[in-house]
Structures are given as C-alpha cells and as structure tokens.
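Visitor: The residues making up each chain are set out below.
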Amino acid sequence: MAKYLITGVAGFIGSSLARAVLAQGDDVRGIDNLATGKLENLDEIRSRVDFRQADILDLAAVKEACAGVDFVLHQAAIPSVPKSVIDPLGSNQANVDGTVNVLVAARDAKVKRVVYAASSSAYGDTPTLPKREDMIPNPISPYAVAKLASEYYMTSFYRCYGLETVSLRYFNIFGPRQDPTSQYSGVLAKFIRQMLSGESPTILGDGKQSRDFTFIENAINANLLACKASSEAAGKVFNVATGRRIDLNETAEILKKLTGFKGEIKYGPERAGDVKHSLADLSRSEKYLGYKPTVAFEDGLQRTIEWYQTQGAALLSHA
Amino acid sequence: MPKESILVTGGAGFIGSNFVLQWLGRAKSQVVNFDKLTYAGNLGNLASVLSNRDHKFIQGDIGDRKLVASILKEHRPSAIVHFAAESHVDRSIHGPDDFVKTNVNGTFSLLEESRSYFTELPPDEKATFRFLHVSTDEVYGSLSPSDPAFCETTAYAPNSPYSASKAASDHLVRAYFHTYGLPVLTTNCSNNYGPYQFPEKLIPLVILNARTGKPIPVYGDGKNVRDWLYVEDHCDAIQTVLAKGRPGETYNIGGKNEKQNLEIVHTICAILDELQPNDPVVPHSKLISFVTDRPGHDRRYAIDARKIERELGWKPRETFESGIRKTVEWYLAHDEWTREVTSGAYRQWMATQYSQ
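From first to last, the protein sequence lines stand for chains A and B. Mapping the first sequence onto our numbering, position 241 (from 1) lands on 241, and the numbers just tick up by one. Mapping the second sequence onto our numbering, position 150 (from 1) lands on 150, and the numbers just tick up by one.
Okay, chain B solo, but in the shape it has when bound (with noise of 0.2 Å):
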C-alpha cells in the first residue's frame, strides 16, 4: 500500500515552502511539490528536503495540463493544496499580464485537471479528497477607518491587477464546487512575513535595507494598515482547514495584528538597534524615506477570522511581537539566502518600482 501523498503547487515559494516543511516536519505523508521556479520560487528553501524520500520536486506549469494529469496519475494525491500564484501587487501593477495567465488561467487549468482527477476516484478517496485554494484578503478590496473587518461574507471588491486575478480564481474554485461537486476548501488570508519571505516584500526589505543602510521606502504617508499573520501560523491554519474544513467553506485566516505600515517599519528598526547596533546607520529609523504611494493603494485591510476560530478552533501562536521578533533574527542569521536570492533579476525589478 503505498504511503499517501499530497499535492503542494507552489510549493518552493515563500508560504508553499513553509507549508511544505510545516507538512513533512510532522511526517504527515509524502508531498509532491510542483513549481514553476520563477523569480519567487527558491529550491533554498526546500534545502533540508531535498534528499527526504517524502518529498519529490516537479519543476513545471500549473498551466501544462498534459504534466497535470500525469502528476494526479502517478502519485494519486489525496489532496491538492493550491499556493502557486504570481503575489506581488506592485508587480501586477506594472505588468498585469503574468497575474492572469498564472492565476486565472493556471488556476483554471488545474481545476479541469483535478475535476478528471477527482471524477474517477473510486468513492472512499473521492469523500476524502480535498482541493485546497490559498487566496488573499486582498479580494475584499479596501476599507475606510471605521468600516467593520473583512468576513466570509463580505462582497468581493478587489482593486488590483494581483487581487481581481486571485478573485476570479475564487469564482473558478467556488464554481467548481456548485457545478462539478469538487470538494474544494478556500482561504484568505491577512498579508504574511516570517522566514523566507522573498525580499520585495515590506518586511524583508525593511530588515535588509536597514541593515545595510540603504534607504527604507515607505509608499505614501506611511498609514496604510495591513493585518499581519506569521506564515507558520499561515500553514498551521491550512492544515487545520483540510483536515477539518467543510468542502464549499471559505475560511478566512487572519493574526490578530491589525498595524500601520509605519508602525511596522519602526518596530524592525527597533529590532535592529538592539541586535544590530553596528549597522551602518544607526538609530536605523533615520534611513525611513518617503516615496510615492503605489497607484491604487488599498488603505486599509482588516480581517475577521473568527469562523475558523469558532468552527475549526484555530488561532494563531505567534503575537506580531512574538513574530516579528523570530522573524528579523532569521534574516539576520541567513546571510547566505539573502544574498542567493537577491542576485539577478531582482535588481533591476528594485530600481524601476521604488522612485522618489
């Protein structure tokens, strides 16, 4: 009887790669992880892994329907947990294109597929089978200072190129369930840090700007407030959801840390003046530079997750201070990663987005 094993696209990214180790850390079942390596996907951070007989590496395209369908043949996965997606809002913005090929149309690819999949399972596989789409809070849209948190229910009203792309995926995925009876479980979450975040992202960039004494960019006036969910946390919730989610459930996941960007950057400097009081520039918080506000800039995210707290009794560990904390000493003790992945491409991607 061979051992059982799951599906992870987007698995050698930022979340998919801590999923990915979250998942094998408690030797849970075999992961095929299947990534398309783009400029996010690190195979750095599937180091400790690569040689587990529990984890086998596909490089490919969720778009490749003929891989796909191979992959669901060979391995028969008992679930497929959907991470692979282009994120960076900044990056849909200057280049919509990659947001819909990857996320509308890789997304619906990899429906019709697992729907072939999932239609010949034999019935005891089929009511344990479960499709797992990870998708953002950013799909609510915007919310003014007073306006009540984000709920399962709330109206879609994405703004970007990234957030209407992984909007219509959620249609596609929530379709899939009302038409075809795929047992699908969606989730959206609040914006993740912690380790291996690629460093475009706000709190890596803060850290490795920071410490090397470049400037830190900070869009607009700086009050734009995220909710901050550490990416541990991100994947303990995903678990807790397929293993217990009801199929046609949306659930969002949320940390409970509702701050404004600025906040935030003065936390890391605060952070690095502690551990780091040899920086270069220090107090680190004089290298905090204004710069133009992205086009479109959400103001406000706040999410409510108390139905996965109510239903599923999920909540999260870390607290932002508990998180943040872990997650500066990680970068500043993974040096090598940093520099692994800041080499290339993303350097000249840095230089157009960041203007004064």
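Just chain A, with the same shape it has in the complex (with noise of 0.2 Å):
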C-alpha cells in the first residue's frame, strides 16, 4: 500500500485524484488552505484521507505532510490566467514559492516521486499545431509563466537531487466538481452552469478559439500513470490532452443540446492574456507513461452535466 500526498487535495482536481487513489487501495494525505478549495468536494471520502489545512507556503507543514510519503501530486495552486493578469505577485507567490516549497520537502522526505499540474499555457500563442512538449515554450500570462517555472524547477530537482518528476501540462481539464461560481472558473463550468439555471453565456472574442478539453478522468489516468511509469520519464514534462480540439461557438452548440438550452449566446470582448488555439501531440505520453485518453469530449460533458444536475445542484443556484 503506497502512501500518496496530495497537494491541493480540496480542489477540483485533487479531490477527484483523492478518490482515484483511495479506490486503488492507496492511502491519502492531503493538504489544501481551502482559499479555493472546499471540503464539500471530499465529502464521502473525508473520512479516509489524512487531510490537514494549510498552505504549501508554510514549510513547515508541507515538510511535516511529505513525512512517510511514496508519491506527491502536486496540484495545489492559484488557478485561472485572468486572475494572474491582476495579481501577478500572488500568482507568483503561490505558484512558484509554494512549488519550491513542495520539493523541498520531497527532496528531504526522499519521496518516490513527485507529479506535478503543469499548464498548456506553456505554449502560449504560437500558431503551430498540435503542441509538442520539444516546442519551445511561450508562455504570456504570469500564470504561465509561474507554471513553467515551477517545471524546470521540477527538473532542476530530478538533475541535481535526484528527486524524480513528472511534470504532466494540463489542457483544459473539466468535470465534475470543478467550481462554475467564481469570476474565474473555467469556460465549460461557467457554461454549463449558466445554461441550466436559464441564463446566457457570453462567449468573449469571436468564439472560434478552440481548445482541447480533457476530462478529468483522462487527468487522474495520466497522474496515476506518471507514478507507476520508469526512471525514463523522470524530469520529463508530458502533454495531457484528449488530442482532440473544438471551437467555443461548437461547444456552445453541443452544450445547448446536453442542457436543452434554448436561449441566446452572448458576446463579449476578448480576454488579455487569452491563447486562440490549442491542441495537444500525445505521442510523448503515450511512450514514456502508457498514456491515451480514455473518454471523449462529449461523454465527459455528458457526465459532467448530469453531475451538476445531480449532487452539484447547489453550486447550481449561486450567482
């Protein structure tokens, strides 16, 4: 039985990775400062897992969470570009001082390995597609630029401590629990929740930016995937994608279907710091981690709406 710490373990897509782990036998501590977070998303499982709130600034609790622990993943942080656009030192603060916090305390702990929640944003605007990790990074928002940071940080401990990372570039990711009520949540929350409560979206720019969405299971697979993988991936960086990429006006059309949806959709103006496109190569991950994206665009929305409808109903009706 490993022992796994997760890092952000409140949050959409730690506590989706809580469960995951706990189902394959595993045991889970996890930290999170419930900024964003909230205990709600480990409701059935809270019992289970070593949780303690606290901040991975704070050293001394993330070097005490890492005690006894076979793998980190490492999701906690100050999501959201936009945000980053408005408060870069806090962006930076977090994401960057929190990640060197992190392996620190793994180094010391000599924790198997840790797995860290990079960002497609690393490729920035670049035209070229599919993305492919050799690409050299182009990162625009101080987000991006905390996220690849905090990947060569994660290399930098493999090639001078021999601490092995996985550092696995996000696109995306969506699912159940992610939280549709901030002014920051991500595209497909904030649609599907608006669309259920009878309200419009508003798509901002001319709605033909597209993205690869990845469901989160795809995400939890991959990290799963990255802890079991060989030495060869250590200190590598690995795109996690559905390989697949959809423009925002078709994904209102096919959310307005899911929902039954009939009003308008609105538009807005374009967002600072916004990338137009993004696609994923999953060639890499597939290689070095065994990797392939088991649920498509459109069952992972399926899910995700009937999850909303369902046990996410609350979040449903907070403006």
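Hints may be right or wrong, so weigh each one.
[Said to hold, decoys possible] Derived DSS-like pairs (lysine-lysine); straight-line CA-CA distance at most 25 Å:
1) A/256 with A/190
2) B/223 with B/256
3) B/56 with A/38
4) A/63 with B/56
5) B/286 with B/223
6) B/214 with B/201
7) B/28 with A/38
8) B/286 with B/214
9) B/73 with B/126
10) B/3 with A/63
11) A/256 with A/266
12) A/63 with B/244
13) B/56 with B/66
14) A/3 with A/110
15) A/38 with A/63
16) B/56 with B/126
17) A/3 with A/38
18) B/28 with A/63
19) A/190 with A/38
20) B/315 with A/63
21) B/66 with B/36
22) B/28 with B/56
23) A/208 with A/262
24) B/201 with B/223
25) B/101 with B/36
26) B/28 with A/110
27) A/287 with A/228
28) A/3 with B/3
29) A/3 with B/28
30) A/276 with A/266
Treat the hints as calculated values from the structure; they're not laboratory data.
Now that you have both chains on their own, put them together as the hints suggest.
Guide: Structure below.
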C-alpha cells in the first residue's frame, strides 16, 4: 500500500485524484488551505483522507505532510490565467514559491516521485499545432510563466538532487466538482452552470478560439501512470489532453443540446492573456507513460452535466 | 507514552482558530481546544479539524475553575495558549461588564488553575511548560503623529474598557511570574486581519458591505492609524514565542503596515473593483459613509516589533498588499461561512453601533 500526498486535495482535480487513489487501495494524505478548495469536495471520502488545512507556503506544514510519503501529486496553486494578470505577485508566490516548498520537502523526505500539475499555457500563442513538448515554450500570462517556471524546478530537482519528478501539462481539464461560481471559473463549468440555470453565457471574442478540452478522468489516469512509469519519464514534461480541438461556438452548440438550453449565446470582448488555439500531441505521453485518453469530449460533458444536475445542484443556484 | 498536547483557550475565535489550524497543519502535537462559543466563536472555522484525532474540542468558560482543573488534569498540556477574551472595543463601550468578567476574572481563574497544575508537575515538565498570554498593543494607549512606536517598555496607558481589561490581565500574568514563578510569556500584537475574522471588524465589514451595495461606515475622519498584521503571521509569531521565548518576557508582534483607516477602505474598494466589477455599486468607494466617531477613539497605534526580530529571528511574511488581497479573495470565496456568522444576534448589534 503506497502513501500519496495530494496538495490542493480539496480542489476540483485534487479531490478527484484522492478518490482514484483510494479506489486503487492506497493511502491519501491531503493538504489544502481552502482558499478556493472546499471540504465538500471530499464529502464521502473525508474520513479516509488524512487532511491538513494548511498552505503550501507554510514550509513546516509541507515538510510534515511529506513524512513517510511515496508519491506527491502537486495540484495546489492559484489557478486562472486572468487572475494572474490582475495579481501577478500573488500568483508567483503561491505557484512558484509554493512549488519550491513542495520540492524541498519532498526531496528531504526522500519521496519516490513528485507529479506536477503543469499547464498547456506553456505553449502560448504560437500558431503551430499540435503542441509538442519539444517546442520552445511561449508563456503569455503570469500564470503561464509561474507554471512553466515550476516545470523547470521539477526538472532541476531531478537533475540536482535525484528527486524523480514528472510534469503533466494539463489541457483545459473539466468535469464534476469544477467550481462554476467564480469569475475565474473554467469556461465549461461556467457555461454549464449558466445554461442549466437558464442564463445566457457570454463567449469572449468571436467564438472561433479552440481548446483541447480534457475530461478529468483522463487527467487522473495520467497522474497514476506518471507514478508508475519507469525512471525514463523522470525530469520530463508530458501533455495530458484528449488530442482533439473544438472551438467555443461549436462547444456552445453541443452544450445547448445536452442541457436543453434554448436561449441565445452572447458575445463579449476578448480577454487579455488568452490563447487562440490549443491542441495537444500525445505521442510522447503514450510512449513514456502509456497514456491514452479514455473518455471523449462529449461523453465527458454528458457526465459532467449529469453531475451538476444531481450532486452539484447547490452550485447552480449560486450567482 | 501519550502524545503531547497543548491547551488553547478561545480556539474557535478568529485568531484562535487560525492558530489551531496552523498548529495542526504543522502536525506539532495534539490540541485541546477550549472555547465558550460566544458570538465570536464559530465551529465552522474548525470544520476541517473537528474529526481530526489530534483535535479535541471542549465548550466551556475559562472562569469555570472546576472544568479547567479537570481539563488540565486529564490532558496534562505542555503549554497553555490563552486567546479567550472579549475583543471588540465598540462592544466594550456599550457593555464593559463582560470584558471585566472574561478578560480580568477569567484570566485570573485560568492563572490560578494553571498555577496549581504547574506546581504538581515533575521537574522536567516544569522546565518546558509555558503559559502564553495573547494580548494587544492597545494597552499602550494612543500615540500622536510624532510619538515613537510602542515598544515593550512603553508605559501602559489603556483608554477603553476593552484595553483596560486586557492591561489588567497582562498585569496579573506578570505578577504570576514574579510571585509564583509560573513560566509566562506575553505577546502584544497590532490589529489582525485575515480569513475567519468576524464581520464586525473593519476589514471584513468593508468587504461585505461593499459587495452588497451597503454603506461602508468610517468613523470620524477616517484618519485613525493602525498597524495591520496578517493573522497567519501573528499565529506563526506566537508559535515562535512559545518555542523560543524567555519566560517572563513580553514580545510585541507587528506587521510593519501602519495605515490610516481610510486608506484601508480605499485599498479594499480598489481590489473589489477589479474582482467584482458587477457588484450593485461600482466603484465601491462610492459607498464610503462617514459616521459619528467612536467615543475615546485612539488616534494612532504604531508598534515597534524589533525585539521579536532581534531576539527570536521572527518577522512577518506578508506585506499589507499581499495579505489584504488574500483576505478579500478569501471572503469572496466563503459566502456560506459569512452567511452563517452574520445571522442572528449580530444583526441587532450592528444597528445600534453605526449611527449617522
């Protein structure tokens, strides 16, 4: 039985990882400062998680949390591109300083592997598609820079200290428990919430911008594979995505179909720091991690919408 | 060998619960959390640790000597960190009674029981036992714009029933050191702010009123000056004093953030303008509303916190800018918590307090 530490365990991705790790029969310890994470996300697994309410900026707490741990799944961050544009200092502090704290603690505790929630925003707005990991990174927003800098720290801690790390560049993850209520919510969570509540969603820009939306289960699989992969994967970066791109106009149409929303879609001004098109190449991930996306976009949307309609219904009424 | 534990009084309040969460987050030892659950105590603050094996919550009054004695006997804490107090100045002006009862008599009872407990400890436990008394810079009184900041040897000159009751409790704590040898530590901090602060206090009050388009009340001319200390920094400092402070000493804890109230309000409004552009009234600063000044309102507090830096190597991690943003974002993300605390008695209180 292995022991996993999940940072950001009360968040959207962290809580889903916790469920998966428990389901495979392993132990979960989690740390979350509950700034954006919610204890409710851990509801039925609460008693099975060794939960600490603490900030990754609290090095003493992170060190304690790493004691006896085999794998660290580092999700804790201040998410959101637009938020980092408003507050680059806060974003840097949480996303970079926080990550270095996790690495130092993991190194000292002789953790077997650290898997990092990196971001497709590392690719920026270069026109070439699909994005391959050996392309020159081009981060635009402070968030993208922080996530990329953290990847370099991941590699550095492998090169300098032998701590095995794997960075996973997530491509627009969506799914149950994604917070739809904040101004910075992921577009799918926001649109689903709005449409299920009968409100018109607003597409920022002309709607032709596209994303490689990835259902959460695929990201979970990638994390678990990253822990088990051979040492050849250590110190490296891998895309985690569906490998298919869809624009927001088409996305909105699919959502209308699935939610039954009959209203109109509104359009607003483009957002600073946003990337136009995103699509992942998954050959490297398949080669080193054995990763293959198992849930397609529309299936994932269906499952997500069903979740919001049932367990997530309380989130729908929040303005 | 049972796991070590500390006794925290007032650990369901704003500062106390932050301390308990931080302590347990660092897995330092068990916590026996003793709180009366007045209007300021909120188990919701402790949601993440209520089922933690290392956290034991006991509801009760520090003035209940039998109960305190039995807690000390059963749990044999290696330290007592005493937060329990009535703390809102405005309430002390309307009703000083509770302040003397809790802050003076309550601390006295706790000291008496601690003394009995301490006396019975074996020598090795006696050597490491600490009683840490959490107090305030308001005991030093008010400063004019050109006065030097309060340091640990500044004469006590409290002006409100609240600060007088805290000053009295500080004196008792000191006396128990000099007379009975109880190993005490006292900390005097500046104005705290941060997650879980009860919304009667300036910063959460501004945030909540601004978001809902209600007037933001500012006392007098808004130029009263306070030093602002992010609550997690304060708790970290208390841990440092507990671990490294010299018994009998007092330590000032400050944030290095002297600001006028009006500046605080404008800063919060500006952050809200960025994060909540769709609120009922924007820019949020339009809601600022000057109200009748608080009677005997201390003009300026400024804290010289160089002793803790020099002697124990502690300084705050947050700047005001980083701390206030985290605070605003926390309140924005914790609507449910806010709704739960603002129901009930709190509403009646607010009507009498902020008149035009």
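Visitor: Now, for every hint given, state plainly whether the structure supports it.
Guide: Here's how the hints hold up against the structure:
1. A/256 with A/190: Holds, because 13 Å separates the two Cα atoms, which is no more than 25 Å.
2. B/223 with B/256: Holds, at roughly 18 Å.
3. B/56 with A/38: Given that 25 Å is the threshold and the Cα spacing comes to 22 Å, the pair holds.
4. A/63 with B/56: 24 Å, holds
5. B/286 with B/223: Holds, because 18 Å separates the two Cα atoms, which is no more than 25 Å.
6. B/214 with B/201: This hinted pair holds, its Cα atoms lying about 15 Å apart.
7. B/28 with A/38: Within the cut-off at roughly 24 Å; holds.
8. B/286 with B/214: 10 Å, holds
9. B/73 with B/126: 15 Å, holds
10. B/3 with A/63: 20 Å, holds
11. A/256 with A/266: Holds, at about 13 Å.
12. A/63 with B/244: 20 Å, holds
13. B/56 with B/66: Roughly 18 Å separates the two Cα atoms, so the pair holds.
14. A/3 with A/110: This hinted pair holds, its Cα atoms lying about 13 Å apart.
15. A/38 with A/63: Roughly 23 Å separates the two Cα atoms, so the pair holds.
16. B/56 with B/126: Between residue 56 of chain B and residue 126 of chain B the Cα gap is close to 23 Å, so the pair holds against 25 Å.
17. A/3 with A/38: 22 Å, holds
18. B/28 with A/63: Between residue 28 of chain B and residue 63 of chain A the Cα gap is close to 12 Å, so the pair holds against 25 Å.
19. A/190 with A/38: Distance ~17 Å between residue 190 of chain A and residue 38 of chain A Cα, so the pair holds.
20. B/315 with A/63: Holds. Residue 315 of chain B to residue 63 of chain A sits at ~21 Å (cutoff 25 Å).
21. B/66 with B/36: Cα-Cα ~15 Å, so holds.
22. B/28 with B/56: Judged against 25 Å, a Cα distance of about 14 Å means the pair holds.
23. A/208 with A/262: 21 Å, holds
24. B/201 with B/223: 17 Å, holds
25. B/101 with B/36: Holds - the C-alpha atoms of residue 36 of chain B and residue 101 of chain B are around 13 Å apart, at most 25 Å.
26. B/28 with A/110: 21 Å, holds
27. A/287 with A/228: 14 Å, holds
28. A/3 with B/3: Holds, because 23 Å separates the two Cα atoms, which is no more than 25 Å.
29. A/3 with B/28: 20 Å, holds
30. A/276 with A/266: 18 Å, holds
Going through the hint list in order, the structure satisfies each hint without exception.
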